Structures are given as C-alpha cells and as structure tokens.
Amino acid sequence: MYPWLDRSGRVSGLKLSVFLALLLPGAWIAVAWAFATPDPAAGGLIAGAVTSATDAMPVTKALHEIGLWTVRFLILTLAITPLRRLAAWPALVQIRRMVGVAAFAYAAAHFFLYVVQQNYRFGFVASEIVLRFYLALGFVTLLGLSVLALTSTDRAMRRLGGKTWQRLHYLVYPFTALGLWHFFLQSKIDVSEPVLMSGLFIWLMLYRLAYRWNGEKSLALWHLLTLACASGALAMAGEWAWYEAMTTLGGSRVFAANFSLAAGLRPAWWVLIAGLAMALLKLIADHGWGRNRAAARTRAAA
Amino acid sequence: MWIRKRRGWEISESAATPEHVFRGRRRFLRGAAGLALAPALLACEKEAGAQGDGELAEVDPSAGLYPFERNARYELDRELTPEADATSYNNYYEFGTSKNIVKAAQKLPIRPWALTIEGMVEQPLTIDIDDLMKRMPLEERLYRHRCVEAWAMAVPWSGFPLAALVELAKPASDAKFLRFESFLMPEVADGQSEPWYPWPYVEGLTLAEATNELAFMVTGMYGKPAPKQNGAPLRLALPWKYGFKSSKGIQRIVFTAEQPVGLWQAIQGSEYGFYANVNPAFAHPRWSQESERLLGSGDRVPTQIYNGYGEFVAQLYPDQNDRRYFY
Chain B
1 MYPWLDRSGR VSGLKLSVFL ALLLPGAWIA VAWAFATPDP AAGGLIAGAV TSATDAMPVT
61 KALHEIGLWT VRFLILTLAI TPLRRLAAWP ALVQIRRMVG VAAFAYAAAH FFLYVVQQNY
121 RFGFVASEIV LRFYLALGFV TLLGLSVLAL TSTDRAMRRL GGKTWQRLHY LVYPFTALGL
181 WHFFLQSKID VSEPVLMSGL FIWLMLYRLA YRWNGEKSLA LWHLLTLACA SGALAMAGEW
241 AWYEAMTTLG GSRVFAANFS LAAGLRPAWW VLIAGLAMAL LKLIADHGWG RNRAAARTRA
301 AA
Chain S
1 MWIRKRRGWE ISESAATPEH VFRGRRRFLR GAAGLALAPA LLACEKEAGA QGDGELAEVD
61 PSAGLYPFER NARYELDREL TPEADATSYN NYYEFGTSKN IVKAAQKLPI RPWALTIEGM
121 VEQPLTIDID DLMKRMPLEE RLYRHRCVEA WAMAVPWSGF PLAALVELAK PASDAKFLRF
181 ESFLMPEVAD GQSEPWYPWP YVEGLTLAEA TNELAFMVTG MYGKPAPKQN GAPLRLALPW
241 KYGFKSSKGI QRIVFTAEQP VGLWQAIQGS EYGFYANVNP AFAHPRWSQE SERLLGSGDR
301 VPTQIYNGYG EFVAQLYPDQ NDRRYFY
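Going down the list, the protein sequences come from chains B and S. Position one of the first sequence corresponds to residue 1 (the UniProt record's numbering), numbered consecutively onward. Position one of the second sequence corresponds to residue 1 (the UniProt record's numbering), numbered consecutively onward.
Just so you know, the hints here were simulated from the structure itself, not pulled from any lab data. Some clues are possibly wrong.
[Stated by the list, open to error] So the derived label-pair ranges between C-beta atoms look like this:
{"#": "1", "chain 1": "B", "residue 1": "S127", "chain 2": "S", "residue 2": "Q268", "range": "36 to 44 angstroms"}
{"#": "2", "chain 1": "S", "residue 1": "S297", "chain 2": "B", "residue 2": "T81", "range": "55 to 63 angstroms"}
{"#": "3", "chain 1": "B", "residue 1": "L209", "chain 2": "S", "residue 2": "V301", "range": "48 to 56 angstroms"}
{"#": "4", "chain 1": "B", "residue 1": "R10", "chain 2": "S", "residue 2": "S297", "range": "44 to 52 angstroms"}
{"#": "5", "chain 1": "S", "residue 1": "V301", "chain 2": "B", "residue 2": "A237", "range": "38 to 46 angstroms"}
{"#": "6", "chain 1": "B", "residue 1": "N119", "chain 2": "S", "residue 2": "E213", "range": "29 to 37 angstroms"}
{"#": "7", "chain 1": "S", "residue 1": "D299", "chain 2": "B", "residue 2": "L150", "range": "55 to 63 angstroms"}
{"#": "8", "chain 1": "S", "residue 1": "N71", "chain 2": "B", "residue 2": "A177", "range": "31 to 39 angstroms"}
{"#": "9", "chain 1": "S", "residue 1": "A164", "chain 2": "B", "residue 2": "A27", "range": "27 to 35 angstroms"}
[Stated by the list, open to error] Now the stretches of chain B that chain S is said to cover, found in silico as 3 or more residues with beta-carbon under 8 angstroms:
{"#": "10", "stretch": "185–194"}
{"#": "11", "stretch": "206–220"}
[Stated by the list, open to error] Lysine to aspartate or glutamate pairs mimicking EDC-like chemistry, simulated, CA-CA at most 20 angstroms apart:
{"#": "12", "chain 1": "B", "residue 1": "K188", "chain 2": "S", "residue 2": "E271"}
{"#": "13", "chain 1": "B", "residue 1": "K188", "chain 2": "S", "residue 2": "E149"}
{"#": "14", "chain 1": "S", "residue 1": "K107", "chain 2": "S", "residue 2": "E167"}
{"#": "15", "chain 1": "B", "residue 1": "K188", "chain 2": "S", "residue 2": "D319"}
{"#": "16", "chain 1": "S", "residue 1": "K103", "chain 2": "S", "residue 2": "D190"}
As the structure is a prediction and not an experimental result, all values here were calculated from the model. Idealized CB from N, CA, C, for every residue including glycine.
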C-alpha cells in the first residue's frame, strides 16, 4: 500500500501532499549538495539559483541539515495528536505514521552521512560511538526509532496487538528526548535551535499530561494558555540552566538577551507563540470550522 | 568606536572617480594601447582592489606589492587547497555561525585600517596597515592550517613574521604575553549583535610563541590581498595551533603580563584552551583529533603533533603529555 492511498485504496489529497512535503527538505539538501561548488560562477546559473551556498564541505553541511530535519519531524510526529484534537480534525491521524517513519528515514540518512563524513571507516565510527557520549545518544536514538519504524506496519500492529503496540510506541517520547539531548551536546556554543525544539517538546508532553489529568476530555482555553506560558517559561529557564551548567559563558547574558530584540526573538518566545497558536487554533475550531465539519459529517452520514 | 582620521592625501569618497567611469577609461586605454600594454593595465585594475558582490571597491594601496617572494624554508607535504575552497569555507563568527559568510563579510571596511600596539611596550603606537607593510619584511609562506573541527587546508599566505612586529613594538622586560583584539563593529558585523558572545574576538600568545619564526602576520593569500572573509586586512597564521588561535581582522595588540583569555576560552573553557597546540593524541571532548578532512578533496589524512611543525615549536612546551598544551 502506497503512503498516498487511503484505507479504501483511493488517492488521498491530504496524504499525498504530506508525503511530498516530507520529501522536500531531503530533496532540497540533495540538490544543494549535488550543485555545491566553491565557485558560484563555475556551477553556472543552476547552482547559483539552487544554493546561495558555496560549500567546500557539502557532506558536513548535509549531515547537519538532515539531523535538524530529523528532530523537526520527530516533534511534528508528536504534534499530530494534539493538532487533531484541537482542530477537531480526526483525519489527521492518517498522516501520523508517515511523519514518524519519515523522522526515522531522516535519522538513518543522518547516520549514513556521518559514516560518509568519516570516509567509511566503519571500525572508527564504531569506536567513536562508544567513546563520545553524544554519538552514543544519537545511535541509541536511531536504534530506538528503527524498532518503532519496523513495527509500524499494519501487520506488525496486528501481530503485537493494540495494547502492546501502543505501549511499545510510547517509547517515542524517551527516544525524542534522547535525540534532543544529542542535539544539545553536538552544538558548539549556540543552543538556540535545540532550546526551541525542546520547548516545543515540553509543550507536547505537558499537553499529554494535562489531557490525562483532565480525564481525557478536551482541554479548556485557559488550560491551553497555561500550557503555553509554562512551556515558554521552562524553555527560558532550561536555556539559562544549560549555559550556566555547560559553558563558561554562564547563563545570565543569554537570559538577558530574552528581553532585548537586538538578536531577534529568542527561542523561548517562539515556544510561547507556538503554544498560543495552539490555543487560538482551538478557539477558531470551536467557533468555526469544527462545527461546520461536524455538520458536514452528519449530513454525509444521513 | 571607529574613528576615521583622514590624512592629507586622502580625498573624500564623492571626489573619487566612479567605478563605471574608471572601468570605461581602462577599456578605452586597453583598446588604444594594444596588447603589449594590457598586462600592466590589468595590474592597475587589480590595484583598485575590487571585491565584487556589488560592494564599493576599496582602494588597497598595497595591492601592487603582491605577490611577495616565497620563503622556501616552509614546505608542504600536500597539495595547496584550491583557492575557491579556502576562500569560501570560513569560520568568522562576527559574520554568522555558518561557514558561508562570504557575502556578509564584504560589509567590513578594511581601508583605512589602523593597528594599535600598546600595553607593556617602550613606545605605544598606532600605525596604518599600508605604512606598516612598508616597514615589514614581506614574504609568502606555504602553511598547513588545522581547524579544531578536524578539517584542514594548505594555503600560501602573504605577510610578515610576527617577530618583526614585536621588534618594532619593543616590549618591556616584564611583558610575557600578547593579546590580539579584533575589530568591534556591530553595525556591519551582524554576529556581533548577538549579545552573548563577549566581543571583540580576543586571542593570545606567549611572547616566546609570538617571536617563534613560524608566527606569521597575514595580509594576503594566493599572491593577492586576502579576501575579507579570510581575515583581511590583518590576521594571524599560527600553523602549529588550532585555527581559532589565528585571529582575523586584528586592530589591537596589547603586550601584557597576564595570560589573555581568548573568546572561545571565555565561553567554553572546557573545550578551547589557551595553548591549543595541534595534537592527535588529545581528543576534543566531542570528537577525535586523530585525523583531518582536507578542504576541497574531502580526503582524510592523519593529524600530526604540532600539525607537523614540531621541529620549530616543540621546545616551547615542556611536556608533550600534558593536555593543558593541547586544547
């Protein structure tokens, strides 16, 4: 069964467009690599149009970009369920598996590019994974995601049974956390992107806790506003703590940068904005299209 | 702050010949004078120091001095890195954290450029880069360059020995270190607006390191003035140390009795130390330093202690097994 077909075997517009969107970053990175040239003039017009980049180390660049997209897709995978509920859009569940498998595929490509960067010295790669903690973290994450990807087929689901499968796939939370830790540790000094991704991850986890505490009933607007503020604050505090504990720079300079626009909006604010956007989504869905959709469904059923 | 002192021979920018008129005149002359004169005229055009990318061409009065005579004492064990690679893959955090800062770096004004030498010296001085070059023994050297990130290149640098500059500065007897400070211009260098880096870029050497024959002040590369992304108009080349020790865009050298704290040391002291001599035996906390990937070819070659320059510098460091000297 192709990923763009729905259960009845027809082409689904939603699934097809998501499938293509998931391929896009990888395709873009591949094209940029193919045309990477240190001299923009040498590559002619195409290279100039595709990459503003001149790059003497295209493998390293592709390696980092694919890694970044792996984390983004993991976060997106975890965002599907909250999005589905808040937007009252049950069909979204159809794309969850696809996004998760894409995250695994990007993780695998990321690992492969590391092997390429190390000039295919497999023994050396193995020893580095053992010696460098952040590589060990990344590798464990990859192993974990591969188990989840392998058990994501309908057949595996049937064989494992709903409950076991569900329990196994809850592991996506700790594996995402490990991946984020790897993302933090590989950074040179600037952890803005890992802080942003971790802040979103915090929101996603808090949302699930709140949903459970609320007796699996949909969350009220004030719940969501609280979640947004809490995850933004935790991201800000976490960023401070990271610089304080892990660098000689200390946390106060970076913390102060949250309250200046000189360096643009810091990641904690983006986490807050994302959280508020989710609240807004619920507001719109409750008052607008959610009801229309429900009405449409009733009509279709009748 | 950038104080622009105009000397007598400098005219205002509005009085300068517009570029299109300048080029038009060249074209006319070239056509009229025929082939025999063309090479000389091309040299003149080079002197105009056009940097491309639509930036205003700054006049580099020293451009005509290149290429400098090569000092054959410093030999390479590998091919030179293609110029296009060495001039397009650059760590220059003042202009952003990616390697692709060529365009952003073109905003840096590099003429006029004054170098200030102060601290524990007999006579503090501020000298124009082009005047300085007239007083220094200019030469070209082929050096390997090893980045702490485990990539490497081999570059023909043009410049003068740092020892000659130290001699000019006449350090006081109690001066033990040199602190190199780079420019601070957040209005042109976007990275300097990121408030959590303690700009300007600072690096340091012991006096013994600075007077070692290998320590080299760079004004050019590949037989031409250095491009801005590579640290024009004045940078260091310290081939036995990791690349971050070789500051770019240097404006101030302070002789001091205290060991300077470099920018990277200040923000991540566990990974970047003061000496930072190349040594494959001491891994970076996050990766091995046993080998390096060559810019351009992507080939991987084993890294050598002191980047292969042990015969020149090993005597500076008492203990080859002390990590303190190698990160």
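Hint check results:
Remark: the range hint 36 to 44 angstroms for S127(B) to Q268(S) is contradicted by a beta-carbon distance near 25 angstroms. For S297(S) and T81(B), the Cβ-Cβ distance of about 48 angstroms falls outside the hinted range of 55 to 63 angstroms, so the restraint is violated. In this structure, L209(B) and V301(S) meet the distance hint of 48 to 56 angstroms, their C-beta atoms being roughly 52 angstroms apart. Checked against the given bound of 44 to 52 angstroms, the beta carbons of R10(B) and S297(S), roughly 51 angstroms apart, stay inside it.
Under the hint 38 to 46 angstroms, the C-beta atoms of V301(S) and A237(B), about 45 angstroms apart, fit the expected range. Roughly 34 angstroms separates the CB atoms of N119(B) and E213(S), a value that falls within the hinted 29 to 37 angstroms. At about 36 angstroms, the beta-carbon gap between D299(S) and L150(B) misses the expected band of 55 to 63 angstroms. The hinted range of 31 to 39 angstroms is not satisfied by N71(S) and A177(B), whose Cβ atoms lie roughly 55 angstroms apart.
A164(S) and A27(B) have their C-beta atoms about 54 angstroms apart, which leaves the hinted 27 to 35 angstroms range violated. Evaluation of the coverage hint for the stretch 185–194 of chain B: fulfilled, as 5 residues show C-beta separations to chain S shorter than 8 angstroms, against a requirement of three. Counting residues of the stretch 206–220 of chain B whose C-beta lies closer than 8 angstroms to any C-beta of chain S gives 0; at least three are required, and the coverage claim is violated. This hinted pair checks out: K188(B) and E271(S) have alpha carbons roughly 9 angstroms apart, not beyond 20 angstroms.
With a C-alpha separation of about 10 angstroms, the suggested pairing of K188(B) with E149(S) holds against the 20 angstroms cut-off. Taken as a hint, the K107(S) and E167(S) pair is broken in the structure, with Cα atoms around 33 angstroms apart against an allowance of 20 angstroms. For the hint linking K188(B) to D319(S), the alpha-carbon distance of about 28 angstroms lies beyond 20 angstroms, and the restraint is violated. The suggested pairing of K103(S) with D190(S) holds, with an alpha-carbon distance near 12 angstroms, which does not exceed 20 angstroms.
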